[in-house]
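Peer 1: Below, each chain spelled out in residue letters.
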Amino acid sequence: MRSSLVRQILILAVLALVPAVGEAIYFRHKISWRSAILPSEMVTVDQARAWGENVIWVDARPDEEFARDHIPAALSLNEDRWNELLPQFLAAWSPGKKIVVYCSSLGCNASREVARRLRREAQLPDVFVLEGGWEGWLKTR
Amino acid sequence: MGGVAENEMSATPNAERPTPNAELRTAGSIPDFKGRTSKILWRTVDLVVAGIFIYAGAIKALDPVQFASDIDNYKILPWPISVALAFYLPWLEIFCGLALVFRRLYRGALSILTALVVIFLVATIAAKVRGLDITCGCFGHASQNWSFPTHLALDLALLAALSALCYCSTAKPPENA
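Protein chains in written order, with our numbering: chain A, 1 to 141; chain B, 142 to 318.
I should point out that these hints are in silico values taken from the structure, not numbers from a laboratory.
This structure is a prediction, so every number in the text was calculated from the model and none was measured.
Some clues are possibly wrong.
To be verified - Pulled a few chain A residues facing chain B out of the computed Cβ check, cut under 8 Å:
{"hint": "1", "residue": "Gln8"}
{"hint": "2", "residue": "Ile9"}
{"hint": "3", "residue": "Glu23"}
{"hint": "4", "residue": "Ala24"}
{"hint": "5", "residue": "Asn109"}
Just so it is clear, CB atoms sit at the ideal spot from N, CA and C, and this is done for glycine as well.
The shape of chain A in the complex, shown without the other chains (with noise of 0.2 Å):
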């Protein structure tokens, strides 16, 4: 009886890797294995400033870090106020700029989100998320 489950399971898991790997294949370009954001979607410091005055700089990080500190006329735009502050960004926003997403550090989701959503909601287009985040515009400020 045991051997029987065990033998359902492992069918169970073999089937379902058969679609997966045909899916992995069909979104190869779609999502990197490395990182969490296509490197086509990431941005340097370096390269956003170089960008000049073509760049809109949005804020993810929650509204208290954005109050402390921030990039010199970024806007804020985080999912906890999204609904609120979306229209006031899409007001600043104007075709040809650049949108460059930042929250506090290399390992914070928030700008990744923000980003997948100003594209898929807003159908905004050169949507970025900043390398390293608040934390890497500091080391090189």
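Fit chain B to the supplied structure of chain A, relying on the hints for placement.
Peer 2: Relative to the frame of chain A, chain B by itself:
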């Protein structure tokens, strides 16, 4: 001729006496009804649980990038493993759900789904304890705004249903298992 035979048969003592099997059938009619009702009930639970997992799996299989991000939010696994699981787990849920529907590899499917729900419950509670504000990603965008108690309630209900099905299948395995 036939009429004579019928008369003879009806005149035999055995024709008047119900056979032991017929007695059993008559006496067993209420348990049979109960058995049928409980069979229908368990089959319904089977199908509901299967439907939930097939739906949850399909939604995640359609957007593995988002699901990888949801797994990564738990901060338990390295990113490459989150990606691998994002591709694999939805299909495992779908196949296990189908196994429950068609009653093939039934006990295997129940064991896998129970293990998945337990792991997910532990991960959710651990995330809560660590103060992580996460979306479980279990039902794609549909579950994005669910509160922690809602997640917990659904998981516990699923775990209870799966445990009951496991118990029933151990007591009387399905014909095709």
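Peer 1: Hints broken by the structure, by number, lowest first?
Peer 2: none
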